[in-house]
Amino acid sequence: MTEYTPTEIMTIAAARALSNDDVCFVGIGAPSAACNLARLTHAPDITLIYESGTIDTKPNVLPLSIGDGELCETALVTVSVPEMFRYWLQGGRITVGFLGGAQIDRYANLNTTVVGDYAKPKVRLPGGGGAPEIATNCGEIFVTMPMSKRAFVDKLDFVTSLGHGSGPGSRAALGIATAGPTKVATDLCVIEPDPATRELTVVSLHPGVTREAIEAQCGWPLRFADGAGETPPPTETELKVLRGLQERTARAHGSDA
Amino acid sequence: MSTFLSLCDAVAANLKDGDTVAMEGFTHLIPFAAAHEIIRQRKAHLTLVRMTPDLIYDQLIGMGAADKLVFSWGGNPGVGSLHRLRDAVEKGWPRPLAIEEHSHAAMANAYEAGAANLPFAVFRGYKGVDLTKVNPNIRSVTCPYTGEVLATVPAIRPDVTVIHAQRADRDGNVMVEGIVGVQKEAVLAAKRAIVTVEEVVDDFGRRSPNAVILPSWTVTAVSVVPGGAYPSYAHGYYKRANAFYKAWDAISRDRDTFRAWMSENVLEKAPEDFAAFTGRQAA
Chain A
0 MTEYTPTEIM TIAAARALSN DDVCFVGIGA PSAACNLARL THAPDITLIY
50 ESGTIDTKPN VLPLSIGDGE LCETALVTVS VPEMFRYWLQ GGRITVGFLG
100 GAQIDRYANL NTTVVGDYAK PKVRLPGGGG APEIATNCGE IFVTMPMSKR
150 AFVDKLDFVT SLGHGSGPGS RAALGIATAG PTKVATDLCV IEPDPATREL
200 TVVSLHPGVT REAIEAQCGW PLRFADGAGE TPPPTETELK VLRGLQERTA
250 RAHGSDA
Chain Y
0 MSTFLSLCDA VAANLKDGDT VAMEGFTHLI PFAAAHEIIR QRKAHLTLVR
50 MTPDLIYDQL IGMGAADKLV FSWGGNPGVG SLHRLRDAVE KGWPRPLAIE
100 EHSHAAMANA YEAGAANLPF AVFRGYKGVD LTKVNPNIRS VTCPYTGEVL
150 ATVPAIRPDV TVIHAQRADR DGNVMVEGIV GVQKEAVLAA KRAIVTVEEV
200 VDDFGRRSPN AVILPSWTVT AVSVVPGGAY PSYAHGYYKR ANAFYKAWDA
250 ISRDRDTFRA WMSENVLEKA PEDFAAFTGR QAA
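Protein chains in written order, with numbering that gives the first Met the number 0: chain A, 0 to 256; chain Y, 0 to 282.
One should not assume that every hint holds.
Straight-line distance between alpha carbons at most 27 Å, and here's what the computed DSS-like set of lysine-lysine pairs gives [to be verified]:
{"id": "1", "chain 1": "Y", "residue 1": "Lys245", "chain 2": "Y", "residue 2": "Lys268"}
{"id": "2", "chain 1": "Y", "residue 1": "Lys67", "chain 2": "A", "residue 2": "Lys119"}
{"id": "3", "chain 1": "A", "residue 1": "Lys154", "chain 2": "Y", "residue 2": "Lys268"}
{"id": "4", "chain 1": "A", "residue 1": "Lys121", "chain 2": "Y", "residue 2": "Lys15"}
{"id": "5", "chain 1": "Y", "residue 1": "Lys126", "chain 2": "A", "residue 2": "Lys121"}
{"id": "6", "chain 1": "Y", "residue 1": "Lys67", "chain 2": "Y", "residue 2": "Lys15"}
{"id": "7", "chain 1": "Y", "residue 1": "Lys132", "chain 2": "Y", "residue 2": "Lys67"}
{"id": "8", "chain 1": "A", "residue 1": "Lys154", "chain 2": "Y", "residue 2": "Lys132"}
{"id": "9", "chain 1": "Y", "residue 1": "Lys245", "chain 2": "A", "residue 2": "Lys121"}
{"id": "10", "chain 1": "A", "residue 1": "Lys121", "chain 2": "Y", "residue 2": "Lys67"}
{"id": "11", "chain 1": "Y", "residue 1": "Lys268", "chain 2": "A", "residue 2": "Lys119"}
{"id": "12", "chain 1": "Y", "residue 1": "Lys90", "chain 2": "A", "residue 2": "Lys57"}
{"id": "13", "chain 1": "Y", "residue 1": "Lys132", "chain 2": "A", "residue 2": "Lys121"}
Interface residues of chain Y toward chain A, partial, derived using beta-carbon atoms under 8 Å [said to hold, decoys possible]:
{"id": "14", "residue": "Thr26"}
{"id": "15", "residue": "Ser71"}
{"id": "16", "residue": "Ser102"}
{"id": "17", "residue": "Glu111"}
{"id": "18", "residue": "Pro118"}
{"id": "19", "residue": "Leu130"}
{"id": "20", "residue": "Ala242"}
These are computed hints drawn from the structure, not numbers from a lab. C-beta: ideal position from N, C-alpha, C; glycine also.
This is chain Y alone, in the form it adopts within the complex (with noise of 0.2 Å):
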């Protein structure tokens, strides 16, 4: 059953020095209050397992919690580059980053492969490209009906998913609405998961009986940090800050500016420091 604790207690007592670390959310409900307190909590030597690295992993890698990235698309959306991704793959600051890179198509089976317990994912991808002569993990298969070869990569079985979520219940029960992206799959691929929330409810009330729901006893922590996806967004609650996006830009091209602002606004920050992004006009 997941207990419902305070970010910086579900932090330091789930997430350890040297894990396998997934915190997804596909543009949307990207957990950055988790983030925070991961940096805040100075944890190191992570290796970081996301589809689109995004301003939330550019601030990891920058801090120098990251050894190592498993990502498949590194950009700030519609931006252009994340210059902490870059300065640490080109020129090895704060420290040097060890990269494993995959499609999307890839990831994303790779996440399925572990959600289904699984060792490995197979699909039919990687054709032609130059990514499998730089990532010895993307191997082939031959299928044993019709001889085609496929694609394979290894399963993600992270040591800890960390996800954001507009609802849980008061069982623990979370409730993931709007751009679902690899949530579901990321938290049943893992160890352990902590799940932020906006809110905490009665009970869900009218929804589809298809709706994603998590239950209680597939998430380890529960916190309710109101706002805590901004940046990003929460369907339903609040928008995407394009603008801060565009911002990020100039705020992480330079070390010292970057550091500056980091220091500012999130290592004097608090997780509740984000319900003051909760008013924005709602998604």
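Okay, chain A solo, but in the shape it has when bound (with noise of 0.2 Å):
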């Protein structure tokens, strides 16, 4: 079998989350990449939208901001930013959104805002940009993210968009009748919330990881479903394809100084 990393299977078991019918609100960095690989194999006709205004695109190297010219180039078309906020992610057209963050609890609430204190912060982090609406207004969230104590946190010091709340009834309660996070890929396992309790749980390992090593990276004692199987590994392809866009997107961001 064709060795792997750790971020690849995180980001190949993201991209297979996706379908081919999806209408996709593409967060940057891990959630792009994933999202354009799909594109790039399983999922050719899938819908990437950016929040930069750039809908159905198809970027042949992965954009390093959110509105790189490649996006722009590469779409059907290109709408105003608040458009994009107002008519598509508002006007509930977008099926999927991606989101990663610093810190996620068990019930996939997100923060990127602050560590510690918000007046007084340890680590002022960037902040929700489309995030807090993104949670809310896309019909079902994935999350992708490497698993660490530091990040896998029993109590968010901030929550920068909801997840499941604290737990079953709380999206209902704020009057939003999406989904919400039903999965969410990290670099050992895939989790997704309980259909009942709504607390994330573990439903497949990665070949070769143990629980003990899940539960050493993770902040709150984590739940593993009945049955939890192994993660399929990366295929041939999903590797091949992977690479290819990895070392087409670092040519072309390390060169154009």
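Hints in hand, dock the two standalone chains.
See below:
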């Protein structure tokens, strides 16, 4: 079997969650790699939308920013940012939003705002950007982020975007009809909210990864689903396409100073 | 009607200490040359408004030009932190910086409300999040028709909006192409608008009848500054300098390194020096 890195299987597991029929609001970084991998493998007709206003974009290299020229040049159409957030996101046209974060809790609420106190932060993170409204206006949310005790925390320092709040009924109580986070792809395993409790539960472990290794990187006692199996390993095609994308991207971003 | 001015004169005549200034451009067409001129003229006590502060506000904040920042995502896209913004928020260097933080949807709606001459924007957002606890400007209204509770934020009405565009014609009309962001809304929401452009053309030629054009009478001053969006980009003219965005991480991390870079590359330079960046491969 071909060797692969934890980051590669994380990206591939995230990509597999997307389908050909999805209209996907793409965050920058790991989500962008996963979404474009899906487009270049099993979901060639997926519609990728970036918050810079680019609709149905087909970048040949991964953008470094949310608004690289590559996105506009390969898009079906580019709309203004107010139109993007009003007509397309708030208008309910997006089936999946793809988010990452600095911190996540057991109900898949996310923090990208501060570590420590808001008024006197230990670390000032970039903030929410599009995430607060992506999290509630997309049909469902996929999250991708590597596991660590600093990232998978018992309690968020700040709720930047809403997942399942404090458990069942939290979203409905706020008048939110969308599904919220349905899948979290990490470097060690795939996690989904339990249908009844909404608590994040491991549904598949990546090949060669033990329960203990996963538990050691999580800040709360992480649950495992009955019958949690093994994530199918990356295929040759998935790895080849992902690596080709990353190589083109490195070449494009390194040589234009 | 807009007036063609040198960038130096456009900034001196239209931007005062203490002004609320929006310098927009969503990754694309960020008006760096104008920001550098503001720094050279030592403008101070500004309230800076921008969805993504980006390197442009990292530089203004690090040079002490701002008292307050209104924003919705304050990182170096795809790279990491804005170190000067972080230093100001975490350590108060070089001076304390008040922040008013929003989401992108809120800012985009607030610019649109400003352009529409409305007092506030209404949208479906900010549900279940902590920003509502730390930003008293985030409020709500009950829909008089359905009873739904919707989020509100005040309209953004800058004293001055500054943008960069590809072209102006001889009459001072301005055309923007590519990722158009919130530039049209930001200009129409402002009392005064300064636009830097890559070039002046006799006329805009063949174009879509729906092109984004700001008529001359919506713009206060136009300055011709080729390369003025570098290290961001001008669609059709030059590409985003992604390698420089990565290099900024090391330049900005340390206070002395930052100051030395700003001295050499901003304080001792002039708007026409941006022309050197136009030779880059067309975007």
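Hints and how they fare:
{"no.": "1", "hint": "Y:Lys245 <-> Y:Lys268", "result": "holds, 22 Å"}
{"no.": "2", "hint": "Y:Lys67 <-> A:Lys119", "result": "holds, 16 Å"}
{"no.": "3", "hint": "A:Lys154 <-> Y:Lys268", "result": "violated, 49 Å"}
{"no.": "4", "hint": "A:Lys121 <-> Y:Lys15", "result": "violated, 34 Å"}
{"no.": "5", "hint": "Y:Lys126 <-> A:Lys121", "result": "holds, 25 Å"}
{"no.": "6", "hint": "Y:Lys67 <-> Y:Lys15", "result": "holds, 15 Å"}
{"no.": "7", "hint": "Y:Lys132 <-> Y:Lys67", "result": "holds, 19 Å"}
{"no.": "8", "hint": "A:Lys154 <-> Y:Lys132", "result": "holds, 17 Å"}
{"no.": "9", "hint": "Y:Lys245 <-> A:Lys121", "result": "holds, 24 Å"}
{"no.": "10", "hint": "A:Lys121 <-> Y:Lys67", "result": "holds, 20 Å"}
{"no.": "11", "hint": "Y:Lys268 <-> A:Lys119", "result": "violated, 36 Å"}
{"no.": "12", "hint": "Y:Lys90 <-> A:Lys57", "result": "violated, 42 Å"}
{"no.": "13", "hint": "Y:Lys132 <-> A:Lys121", "result": "holds, 19 Å"}
{"no.": "14", "hint": "Thr26", "result": "holds, 3 Å"}
{"no.": "15", "hint": "Ser71", "result": "holds, 6 Å"}
{"no.": "16", "hint": "Ser102", "result": "holds, 4 Å"}
{"no.": "17", "hint": "Glu111", "result": "holds, 4 Å"}
{"no.": "18", "hint": "Pro118", "result": "violated, 17 Å"}
{"no.": "19", "hint": "Leu130", "result": "holds, 7 Å"}
{"no.": "20", "hint": "Ala242", "result": "holds, 4 Å"}
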